[in-house]
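So the sequence lines, in the order shown, correspond to chains A and B.
Counted the way the working numbering counts, the first sequence spans residues 20 to 504.
Counted the way the working numbering counts, the second sequence spans residues 4 to 492.
Keep in mind that a hint or two might mislead.
[What the hints assert, rightly or not] Beta-carbon label-pair distances, calculated as ranges:
no., chain 1, residue 1, chain 2, residue 2, range
1, B, N51, A, N114, 14 to 22 Å
2, B, N84, A, T263, 48 to 56 Å
3, A, K319, B, S235, 54 to 62 Å
4, B, Q301, A, P81, 51 to 59 Å
5, A, V435, B, K218, 43 to 51 Å
6, A, R344, B, D261, 31 to 39 Å
By construction, these hints were calculated from the structure, which means they are not laboratory data.
Heads up, the beta-carbon is just placed ideally off N, CA and C, and yes, glycines get one too.
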Amino acid sequence: MSNITNQSLSEILESIKSKKISSLELTQAYIKNIENAKKLNAFVTTTFDQALENAKKFDNKPNNEKLLNGIPLAVKDLFCTENVKTTAGSNILNNFVPSYESTVTKNLWNNGAFLLGKLNCDEFAMGSSNETSFFGNVINPIGDHLVPGGSSGGSSSALAADLTPATIGTDTGGSIRQPASFTGTVGLKPTYGLCSRWGIVAFASSLDQAGPMTKTVNDCSIMLEAMSGFDEKDSTSINKKKETYSKNLKDNIKGLKIGIPKEYRVENMPKEIDELWEKGKKILKDLGAQLIDISLPHTKYALPTYYIVAPAEASSNLARYDGVRYGYRSQKGKDLIEMYENTRSEGFGDEVKRRILIGTYVLSSGYYDAYYLKAQKVRQLIKKDFDDSFTKVDAILTPSTPSSAFKIGEKANDPVSMYLNDIFTVPVNLAGLPALSIPAGLDKQGYPLGLQLIGKALDEQKILNIGYAFEKNCGYKNEIKKWWS
Amino acid sequence: MSKEKFDYFVKGDKGKYEVVIGLEVHAQVLSNSKLFSGSSTKFGADPNKQVSLIDSAFPGMLPVINEECVKQAVRTGLGLNARINNYSVFDRKNYFYADLPQGYQISQYKNPIVGEGKVVLDMPYGSKEIGIERLHLEQDAGKSIHDMDPSSTYVDLNRSGIALMEIVSKPDLRSPDEVNAYIKKLRTIMRYLGTCDGNMQEGSLRADVNISVRKVGDKNFGTRCEIKNVNSIKFMQMAIEYEANRQVELLEEGKQIDQETRLFDTKKNETRSMRSKEDAHDYRYFPDPDLLPLKLEQKLIDDLKKSLPELPDNKKERFIQEYGLNSYEANVLVSEKEISDYYEEVAKLSDKKLAATWMMGDLFAMLNDKGLNISNSPISAKNFAELVQSIKSGEISGRIAKEVFEIMVESGDNPKKIIESKGMKQQSDPKELEKMINEILSKNKDKVDQYKAGKEKLFGFFVGQVMKLSGGKANPQLTNEILKKLLKG
């Protein structure tokens, strides 16, 4: 039983079902791992007592009809959890305890899982390295000097270090897929509207989407099935019949057409990334898929477009953190304006302030047309590129990131170089499409690299199937030495 | 009615100035819950008792449009003869204030739900059409209370998120009287539609007033000032009066008018500058990404159109046609839906014209005296109709009717019962009257002789004697006829 925590979610579920292990034993094993992994700084809050309680409850009355029976799960600290502090990685919410549960986490609990703790993340999900968190940076279990990616860096780190059997993150411009790629794990950004945004601390409303982060593609399908679904409390939620992704998971991808976009071969991209991409193509081809060269001509505008749209929405979404009703309030200041200024100056970190400033600027009168409006137009063109391509192909294969995990501090003072890390992931958010990052190999330093499969809107099943087939034939295995314990 | 001439100008030494006014009316939508949340909209609750997590902008909360509010806006648009837009967009208007929890107001900017329309005013100088520029839906803010504590401000979020319709007029108004008529007309239309209760004391109807002046004959508009949030018609009129004179004075002195936002100080009866154009907020409007564009199916609009109640302008026409009322009477009787309902009930059971006269005379005077409105009138429509009929049929005279009316107000009783029990019925039996008159004539032979000799003034004396003898109940018309006949003989 000592190795239960390095198994996949589906294996663990099997063990619970066959009573090889109790939920309590499982939970205790994770608690032990978490207590030994404080160096990673993956958790902001732990809820061990509550988790042990829930595990016992399950063991007393086991019920195996749901998807996640008896499973303790840690989640990104961007999901509001009832009576459990929710910080979004920010000082401004350092003392915030919601009285409500986000729809996505509620769906998980309704499927038999329970909360193990809240995972560190970049402040308000703004970052690609988990270095912007008020609670300090998270360390990648791959190496003590490496970032785990971001913004769901606590999630990727905890998952790779066996501190949770699976987890969920949010992805506004790559915040699930990039950390998954950096830690050798699987991450899915679902179609915009598939998972409810209700109760998730908002970053950029038109881009934010919650999704699963797991050790295997099968686990990913189970988690997606559990967390997704129509929610009338979110006006952008898609009203459609729930799918059974795990039951329908197939590894036969013969005849599927896979698009290879030429624009994703960017300048100065490390040779290893290119080689990895070639390897991926070969695996899919060997499985009977057909590779088709495609063009997504507006790709080069995706990053600048994203860095107008996302900050614009964020500047407005974050206006509510004003010290008036909840959260941090500065005690300094002689009037309302000074209270605002001090609260927000002390409550927000530099990256959040930077994006609020950018967002405020691009929406200001006189600049709106040149920036925000133009960005919206380009966004339509980017979406159209994908629409056009999907008349010819079933899915698109690209690298997930232009590099493997970088060093802590390496890009912290160079926001543009940090932003460039999202170059392959942001177009998908702008187009509202689903995309899966799967581990595909290692670079010469031995750090994991991922490939990205992009699907049509609501075509999660297809990219999961391709990923599933890929995973079986890729031979990738995460072998992490537990140097921290 | 003779038509007066429009005459509202501000006179300066250098000429006569016309006052150009446009209004932005904020009308609270009648709905049980708020525009984007399920909280109650009832007036008068304790502070912060009608506030959901959405209204107070907790992290991760999302707005969901209240369909009833959308329908109310469409109904109002239809009532204003306006174009309904099948596609409209909710935008965020960003600014910081303690009673604005989200840090933005959800409003409609470039694509409002209702486009151009019009409202017709009946002015003493004829009817006048006022253009409607647009109507859009938006959230109300909360309320900051500054006078509860010397060093803190308190915030009440009960109003936060309540649906408002902002109705923007074209700059077609030219006088405080027209503003008065316009607001009242809007209010009447919305009350007919049941889309806004129009209660200005409770803040259900407020307005921002845009004013500029120009020399009579000028084609171009002058620089305008906006007076924010005036909450009574009286104050609007006072503010316009003050502001128009202020602007004319500046122009006469050869000075410029600054485009600015001003406040009306109700205690000092003056407007003063709140912020200049340079300090104007940059609201950074952009489409709210939490809400999809609002797409209305034509069928919904058509169905709402079919189910609209009869509106005041149509009702007025019908009252003129059907009940033979003049324009003035019809206008008064359609001014409130409840009044028109009352009138129609009375008119069905009695003389239509006489009913109108009595309603607009004695009934309204009584309600006004007692501070009541028609819906809590002590006299029911049915009883009022019986009273009118009793006058019409000659059962009682107009003078007696006034007495009966008084008793009805006090007791709420049926007029027939009052007339019976107090013996107030008019004496209309010609034989009885003749007997009475003969008695009087024989007692006053000298006066009869004088009358016959040409002193015709004495006719009034005889009538008076008949009334005295009958205790005021003699039918005056019959009395006159019989008296004339007998005096001739």
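### Message
Against the range 48 to 56 Å, how does the distance between the Cβ atoms of B/N84 and A/T263 compare: consistent or not?
### Response
holds (53 Å)
### Query
Is it true that B/N51 and A/N114 lie within 14 to 22 Å of each other by Cβ?
Taking Cβ atoms as reference, B/N51 and A/N114 lie about 20 Å apart, which means the hint holds.
### Message
Can you tell me whether the CB distance of B/Q301 to A/P81 sits inside 51 to 59 Å?
### Response
holds (55 Å)
### Query
Taking 31 to 39 Å as the hint, is the beta-carbon distance of A/R344 and B/D261 inside that range?
holds (37 Å)
### Query
Honestly, do A/K319 and B/S235 meet the 54 to 62 Å range at C-beta?
holds (59 Å)
### Query
Regarding A/V435 and B/K218, is the given constraint of 43 to 51 Å on their beta-carbon distance met?
violated (58 Å)
Violated hint: 5 only; the structure is consistent with all others.
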